[in-house]
Amino acid sequence: MARGGKGGGGGGASNAKELKMFMQHRMWRDHWLALSAVGSIIVALFAGFFIQFSYSETRMHLIHLDDAALVRRVFKSGEPWVVLCANADSVIPEVFDKASERLLGKVQIGVLDCNDRLPSGKSVYDKFSIRRDITPTVFTVANGEKPKQLFLNYLQKSKALAAQALVQTAKELHEVQTTGQLQDKCLSKANPCMLVFRGPKKFEPFQKKWLRELMHSHRHVKFVWADASILKLSVESLLPKASAFDARVLLFQKRKGDNGALALHVKAHTSYFEQLAVDQFVSENLPVTAEGFKALTKPVTLKRRPKKVPKAPEPAPAKAAADVERQARERMEEESKVHFAESVDDDSEDTVVDDIHEDDEVLDLDEL
1 MARGGKGGGG GGASNAKELK MFMQHRMWRD HWLALSAVGS IIVALFAGFF IQFSYSETRM
61 HLIHLDDAAL VRRVFKSGEP WVVLCANADS VIPEVFDKAS ERLLGKVQIG VLDCNDRLPS
121 GKSVYDKFSI RRDITPTVFT VANGEKPKQL FLNYLQKSKA LAAQALVQTA KELHEVQTTG
181 QLQDKCLSKA NPCMLVFRGP KKFEPFQKKW LRELMHSHRH VKFVWADASI LKLSVESLLP
241 KASAFDARVL LFQKRKGDNG ALALHVKAHT SYFEQLAVDQ FVSENLPVTA EGFKALTKPV
301 TLKRRPKKVP KAPEPAPAKA AADVERQARE RMEEESKVHF AESVDDDSED TVVDDIHEDD
361 EVLDLDEL
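Numbering of the sequence shown is given in the UniProt record's numbering, commencing with residue 1 and proceeding in unit increments.
Please note that the accuracy of each hint is not assured.
Across the chosen pairs, the derived CB separations fall in these ranges [said to hold, decoys possible]:
no., residue 1, residue 2, range
1, V309, L238, 26 to 32 Å
2, P310, K201, 19 to 25 Å
3, L238, P306, 33 to 39 Å
It should be emphasised that the hints constitute simulated quantities derived from the structure, not laboratory data. Note that the Cβ used here is the ideal one computed from N, Cα and C, for glycine as well.
Let the sequences and hints guide you as you build the complete structure.
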């Protein structure tokens, strides 16, 4: 037993010796470094998830239909929005989350429970004819227009989703060439509309740039242009006189008339076609209290100008009868003179010939 006891004491001493050697040879330090690295990775993953979640929350607006100010901003302000139909407890699809990163700073991102009821009693799905069977359900709304849904071919990759969202929310300057197009793109809308009546010269690059900036500043205003060199506007008389290369501007707006009925009004821009002047004109005249608008009692039309027919050369003025008679008489006199001269010449030649025959008498040799 003593041996056993001695042996047991020796075993404890051996364990202590091994622990000492383990600490001396830095084996514990190696394990500690490995554990520290694993712990750091775990902490980083949790931190990244938390940061990403917080970042997603800040770049995405949770839209509640009882928030009237936010709902009006989404559907009425003209701002570009990309909205995901999902409730607050839903997991955001990865394709939408990554697309929102690409769209940051270009459009607003929102999440809305499309099953919620609007004041009309209809759900968002029913109100805007959004299909539930397309998932994820994403739509865009911008420029005062109705929401437009993104379909499956744009929902597979975040890059395609982001690109199509920018296409659907883009602000465009539409060309109009007929009365129907003018009505469809401009006058039939509830929002104000600015018409640029351009001359034959095309827009310069710098003009396109500031027009694009102007449109983005006034998203809820419609913008169209027409070629004044080939088209005639029925309210053209309201515009100031301009050279062939100037562009002129008209602002159309629906307002209540004296009788309380909604009617189309128009006001012409009378200054230069420059960014600052046009921007100031639009900004000052958008409020319904702005003055200087003219109520239109007749429909606005846009028709092609009649082609200019070249004038036919004017016929030479008819000569007076006396001149004609005089010229005829002179011509007859000249002809008679020529005829008389030819007759005299013929007689003289005959006389000469006769004389020659008379002088040449034949002598008879017998008479000599």
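A quick look at each hint next to the structure:
{"no.": "1", "hint": "V309 x L238: 26 to 32 Å", "result": "holds (28 Å)"}
{"no.": "2", "hint": "P310 x K201: 19 to 25 Å", "result": "holds (24 Å)"}
{"no.": "3", "hint": "L238 x P306: 33 to 39 Å", "result": "violated (21 Å)"}
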